[in-house]
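Asks: Now for the letters of each chain:
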Amino acid sequence: MQIIFILGIPLALALAALLLRRQKTIGLLNCAGYLLMLVQSVSLLRQIVLSGKTISLFGFICLDSLSAFFILVTAVVSFAAALYSFGYINNDLASARISEKKARAYYLLFNLFCCSMFFVPALDNLGMLWVAIEMTTLVSAFLVGFYNTKHSVEAAWKYIIICSVGIILALLGTILFSYAFSISGISKSLNWSEITPFANTLDKNILKFAFLFILVGYGTKAGFAPMHTWLPDAYSQAVSPISALLSGVLSNAAVYAIFRFGIIVIDGVGIAYFSKLMLLFGVISLVISGGFMLVQKDLKRLLAYSSIEHIGIIAIGLGLASPLALCGALAHIFNHAVTKSLMFFGAGNIVNLYQKHNLNAIRGVLKAMPFTGVMLLLGVFALCGFPPFSLFISEMIILIAAFGANAYLIAGLLLLFLSIVFGAFIYHFGKMLYGNLPKGMAVTGQCLSGKIAFLFLFLLICAPGIGLLFMQKDLIWFVQNLFPR
Amino acid sequence: MQEITLIGILISTCLMVVAKSLLALIRGFRWQSFFLFLATFLIAWKEAQPSLYIIAGLLLVIKVVLIPQLLYKIIKKIKVGQGLGLFVNTQLSLFFVLLFAYLAWDFSSQLIVYGSHAQAGIIAIALFLVLVGFFLMVSRITALAQVVGLLVMENGLFLLASAVSGGMPFFVEIAIFFDVFVSVVIMGSFVYRINKFFTHIDVDKLSHLRG
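So the sequence lines, in the order shown, correspond to chains R and V. If you count by the working numbering, then the first sequence holds residues 1332 to 1816, one letter each, in order. If you count by the working numbering, then the second sequence holds residues 48 to 258, one letter each, in order.
Everything labelled a hint here was simulated from the structure, so no lab data went into it. Here the structure is a predicted model, which is why all the values come from computation and not from measurement. Be careful, since some hints might not be right.
What the hints assert, rightly or not - DEER-style ranges, computed between Cβ atoms: (1) R/R1353 with V/G130: 46 to 56 Å; (2) V/F225 with R/S1430: 22 to 32 Å; (3) R/K1628 with V/E50: 55 to 65 Å; (4) V/L89 with R/D1805: 30 to 40 Å; (5) V/Q49 with R/L1625: 52 to 62 Å; (6) V/F134 with R/K1628: 25 to 35 Å; (7) R/L1625 with V/G130: 37 to 47 Å; (8) R/K1481 with V/S68: 21 to 31 Å.
Beta carbons are placed, not taken as given, at the ideal position from N, Cα and C, and that holds for glycine.
So here's chain R without its partners, still in its complex pose (with noise of 0.2 Å):
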């Protein structure tokens, strides 16, 4: 029954947005209606990992606790962007960057977005699934390119193109995957929900190469070194809580994407072959983006980086595949998007205020925006995985993870990479917070409804974090719990 509402909210208001005149009414429709799925979302959660079982509805819909608890982190993160975007896009128009006609354009782009993200993890039929990332690269490539200049254009452009060519692979993939399910005999059809338990009666040879070109399609838009470049660009020119729903919510749609296909090949193939590929794809992720991170200039190119390096933590949390480090993963993923989205937020108020990315032109941010710089500071130490926030404690499960699988190479790369990580972060945030506020610049402070969403995002980094600690047993239940055998 909830999925019923969280799949249509979106859609009714993206139809507010078209019928309203006022972006005003429009904005706060918007946070409510969030604020509405949000509530759902958690009931959802807690529905399927009660009683245990799937929801399938029409045929074509079908949860479990996976794609419940993706819905969930989209939710999370699609609030507070809304929440967030409210005062944002205000201030755009107060400062005549955009006009109120395509104010009303932004939201209803964002929700037709933030539904083709929730529909994602919803379906049951693989070849939807495809449609509907492919839906999301559509639309977002509007908001990518939303203030028109020569960068955006461009970037967006990137983004269109290389993420089309990704999916294509994914789609290839995909029909090699029905091939495997329409040979073994058993019936015709695309349904995870049907395919799954029969995983281990496919056959081995078409599952690898099927996987492969997933991997390869779905990373690219989940943004793996080496197919990451579009990223960087469509991150630092995407309007700010497009930004941190890309970072928070997009790529973690593609990560469900392969991680439910990855179960088909654990089952299928063994789990070295799905380790050892993730692992791969972990392992270079991590070192490209820390190197970049090192000599980068711009802000939310950083963040951007940023994005990738923790995209590869997770999937080596996915590759390493022992309940623990599965746990680890998917905390990670939570934690990771509602960190990045308060950094997004932050870098978008700066970028806003000094009207410019350049890291080495900012100067002040605490003394100019005391609460933005506040959070900023915060969220920092907690993207670099300090105690207590959350971040700490999902990669020290993963770290914990790798010790315990003798993948000591792994986990020497990770703290490696995490430490250089760190000291990147520490420098450029460092130089940008502290510092004198620069001539002519007043203190600006935070919209009310800026304040709630950084409020509520720190809120959530800081709580799993502590709670972790003491619920530990419960995750791994619930993680053993999402495979049921």
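On the provided structure of chain R, position chain V as indicated by the hints.
Replies: This is chain V only, laid out in the frame that chain R set:
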């Protein structure tokens, strides 16, 4: 009869590879889609499946009529030169295509363990289209050529889907068609914008964002 349509697809693909102007490239794409339509129509006729007739009809409307028309309209409006801008000249391109044909054949014979010889042939041609589409995207400079390359890859996947699993489920197929059409429209709108801001549509000069 089916062999003729497949050979038609192969020849039109090679025509696209040696094309030096945008118009010729799109003409090649039109022929390729037309032969793909014929192939699908023949299967529909042989198996007497009404849903396949609908898919063949959609293929005809969207890929043979609408998309090429749209691309022609864009070319007319943005008034850039007709040249494709080749990173790789046509002779060398043909050699690459030969290599792709071999690779596709090799891969498909590895993949198909239970299938018939004819099926392996269709799969080889489908993978060949995917490779050639990708090759067109990276070896041609104009933004529109990238769009066409993407469409060629998509055509290849369509052929692959109908060869290996008797097509995807009906509504998935419809959704994919819709999706392809929308994506071409959106990419077209971005080509306009690129032309507006940069006064060209050469993707090798889109290099403001780095590092």
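Asks: All the hints need checking, so say for each whether the structure fits it.
Replies: Consistency of the hints with the structure:
1. R/R1353 with V/G130: 46 to 56 Å: 49 Å, holds
2. V/F225 with R/S1430: 22 to 32 Å: Distance hint for V/F225, R/S1430 holds at roughly 30 Å.
3. R/K1628 with V/E50: 55 to 65 Å: Given about 58 Å between the Cβ atoms, the range holds.
4. V/L89 with R/D1805: 30 to 40 Å: Since the Cβ atoms of V/L89 and R/D1805 sit about 58 Å apart, the hinted range of 30 to 40 Å is violated.
5. V/Q49 with R/L1625: 52 to 62 Å: 57 Å Cβ-Cβ, so the 52 to 62 Å window holds.
6. V/F134 with R/K1628: 25 to 35 Å: Given a distance of about 30 Å, which is inside 25 to 35 Å, the answer is holds.
7. R/L1625 with V/G130: 37 to 47 Å: Since the Cβ atoms of R/L1625 and V/G130 sit about 41 Å apart, the hinted range of 37 to 47 Å holds.
8. R/K1481 with V/S68: 21 to 31 Å: 27 Å, holds
Violated hint: 4 only; the structure is consistent with all others.
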